[in-house]
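Chemist: Residue strings, one per chain:
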Amino acid sequence: MRAWIRTGAGLVVTAVLLFPLYWMLNASVLPSDELISRTPTWFPVHGSLAGYRNALSTQGGHLLVSLLVASGTVVLTLLIALPAAYGMAQLHAPGRRVLMFALLVAQMIPGIVMADAFYQMADKLGLIDNPLGLILADSTLCVPFATLTLQAFLREIPAELSEAAWVDGASPLRVLRSVILPVGIYRFIGAHLSDWNSVMATGVIASLPAALLLVLAQRYVAAGITSGAVKD
Amino acid sequence: MTSTLSRPRATSRSAPPPARRRRSGWVALGFTGPLWLYVAAFYVYPLVTNVRMSFLDYSVSSFYTGLAPFVGLDNYRSVFADSHMTRTLLNTVGFTVGSLAFQFTIGLALAVFFQRHFPLAGVLRALLLVPWLLPLVVSGTAWRWILDTDNGVLNQTLLALHLTHTATPWLASTRMALIAVTLVNIWVGIPFNMVILYGGLQAIPDQLYEAASLDGATRWQQFRRITWPMLRPVTAIVLTLGLIYTIKVFDVIMVLTQGGPAGSSQTLTTWSYQLSFHDLTFGRGAAVGNLLIVVAVVFAFAYLRGLRRSR
Chain E
1 MRAWIRTGAG LVVTAVLLFP LYWMLNASVL PSDELISRTP TWFPVHGSLA
51 GYRNALSTQG GHLLVSLLVA SGTVVLTLLI ALPAAYGMAQ LHAPGRRVLM
101 FALLVAQMIP GIVMADAFYQ MADKLGLIDN PLGLILADST LCVPFATLTL
151 QAFLREIPAE LSEAAWVDGA SPLRVLRSVI LPVGIYRFIG AHLSDWNSVM
201 ATGVIASLPA ALLLVLAQRY VAAGITSGAV KD
Chain C
1001 MTSTLSRPRA TSRSAPPPAR RRRSGWVALG FTGPLWLYVA AFYVYPLVTN
1051 VRMSFLDYSV SSFYTGLAPF VGLDNYRSVF ADSHMTRTLL NTVGFTVGSL
1101 AFQFTIGLAL AVFFQRHFPL AGVLRALLLV PWLLPLVVSG TAWRWILDTD
1151 NGVLNQTLLA LHLTHTATPW LASTRMALIA VTLVNIWVGI PFNMVILYGG
1201 LQAIPDQLYE AASLDGATRW QQFRRITWPM LRPVTAIVLT LGLIYTIKVF
1251 DVIMVLTQGG PAGSSQTLTT WSYQLSFHDL TFGRGAAVGN LLIVVAVVFA
1301 FAYLRGLRRS R
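Chains as they are written, first to last, in the working numbering: chain E, 1 to 232; chain C, 1001 to 1311.
Calculated directly from the structure, the hints in this document are not laboratory data. Check each hint, because a few of them may be wrong.
Listed below are several chain C residues computed to face chain E (Cβ distance under 7 Å; list not exhaustive) [stated by the list, open to error]:
(1) F1223
(2) S1276
(3) G1285
Calculated from the model, a selection of chain C residues having no Cβ within reach of chain E, i.e. all distances over 12 Å [claimed, not checked]:
(4) A1121
(5) A1160
(6) T1164
(7) P1169
(8) S1173
(9) I1179
(10) Q1221
(11) R1224
Positions of the beta carbon are idealized from the N, C-alpha and C atoms, including for glycine.
Assemble the whole structure, with the sequences as input and the hints as a guide.
Modeler: Rendered as structure tokens:
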């Protein structure tokens, strides 16, 4: 009985903390007259998918670019992080302590600081307004985290099993989360702030890949976070 | 079966013979080599560029002409003399301390709450992680809609319950903007604190609680005498990491207020962005960015020292 009281309390807490997400879902299907009214519409009884249709038709291109940038970043990150993590964890590569320290510090540098210099670099290389420039810049958010997490995992498992596919379940998720957002959405939000319905629909669409991956890889994500952060 | 499987693992862990080790050292460098190059090209080089830029008068024309005169410490001087400096520093401290205090307290309360077994605990714990895994631009936008002065659900609810008499301009008033962005950032940070603190709680042996309850200790005494002291190393890590992450928060503020109105929610991060990409004074932006790096690196060292001690 007492356990069920806890469940009740837990449900209330979860509902409160997840309310903003429900509210986004709700707004994404509400018709605009109910969206902008004096009283909130708690449940989308007269819901429609017009917001999604609008978001897909105006944002389809941006979503494709996001997808391209995200997958490119995942590939680049894994190409660099996976062998390095393997070399550090299983082959005891020389200088791995220095590398580890560099990665930890790199993780802590504010992205905005790098943006200044990256803008200049992209300008020199002619990569401004080019997905490749974004892929390179975005990968700097993911490589340290992916390497540290992967090598923590790789250290735990016998060498024979180190290619097992599930280990990299933790990093693409983070990659997608940090990456799917920058293109398009920013610009869209700036341009269409009166059309909340489509904005929220875009938000939902942008969240879907991360949410889906979370469901699939939840166990490894939690394990990766703790092993990456608490142990080292 | 398990014993035969574990034997090769044990041998692979022990040091290989010298000849093999030398060769495998080169092989291992082959594996980590790309990462070394990557670190040099994408962290060291930009950092050096950034430091260099902060000593130059770098403006839009510099991009075309390639000319940026050396101005010594002028960028730093003008940034410190700027009337926004004090306000921005105070905002950064307030935002960081406020976020950390509440994220940590709420995260710890939730972690302790989920320490006991009850139906659906696992499902609810997983659900609570979702906000953390969403793009910050997305959740920030959802909050912007909630906090909207006229059509936002927060004001509508507060008015309907007669808790306030007039609609609060959460994001549009200089008094409320910093509080509002801090609130949203607290919401963003709760899952991170909860997950890591929960992990720390799992490491505390159950026997300690059993012994304490046999001795008649109350819940509060158990928390004060067992949970809190046993959790201290994890607490230190969570707070240091939280601090490093909070100081560099950008998306949340950018989506909600862009640092406004009138700089009332400007922090060092958004200010650096504004100086570089709005005012196009790249040298000054780089100077503010370098201040941020110094802060981040100081706490990075504190974090690494704490890690070593806790091991």
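Chemist: Each of the hints needs a verdict: does it hold here or not?
Modeler: These are the hints, each one checked on the structure:
The beta carbon of F1223(C) comes no nearer than 16 Å to any beta carbon in chain E, farther than 7 Å, and the hint placing it at the interface is violated. A distance limit of 7 Å between C-beta atoms decides the matter here; for S1276(C) the minimum to chain E is near 5 Å, and the interface restraint holds. Interface hint status for G1285(C): upheld, as the beta-carbon distance to the closest one in chain E is roughly 6 Å, under 7 Å. Not every Cβ of chain E is farther than 12 Å from the Cβ of A1121(C); the closest lies at roughly 7 Å, contradicting the non-interface assignment.
Not every Cβ of chain E is farther than 12 Å from the Cβ of A1160(C); the closest lies at roughly 8 Å, contradicting the non-interface assignment. With a cut of 12 Å on Cβ distances, T1164(C) stays outside the contact zone with chain E, its closest approach being about 15 Å. The beta carbon of P1169(C) is kept farther than 12 Å from every beta carbon of chain E, the shortest such distance being approximately 16 Å. In this structure S1173(C) is separated from chain E by more than 12 Å, as the shortest Cβ-Cβ distance comes to about 18 Å.
The non-interface label for I1179(C) is consistent with chain E: the shortest C-beta to C-beta separation is roughly 17 Å, beyond 12 Å. Q1221(C), annotated as away from the interface, keeps every beta carbon of chain E farther than 12 Å; the closest lies near 20 Å. A cut-off of 12 Å between C-beta atoms confirms that R1224(C) is not in contact with chain E; the least separation is 21 Å.
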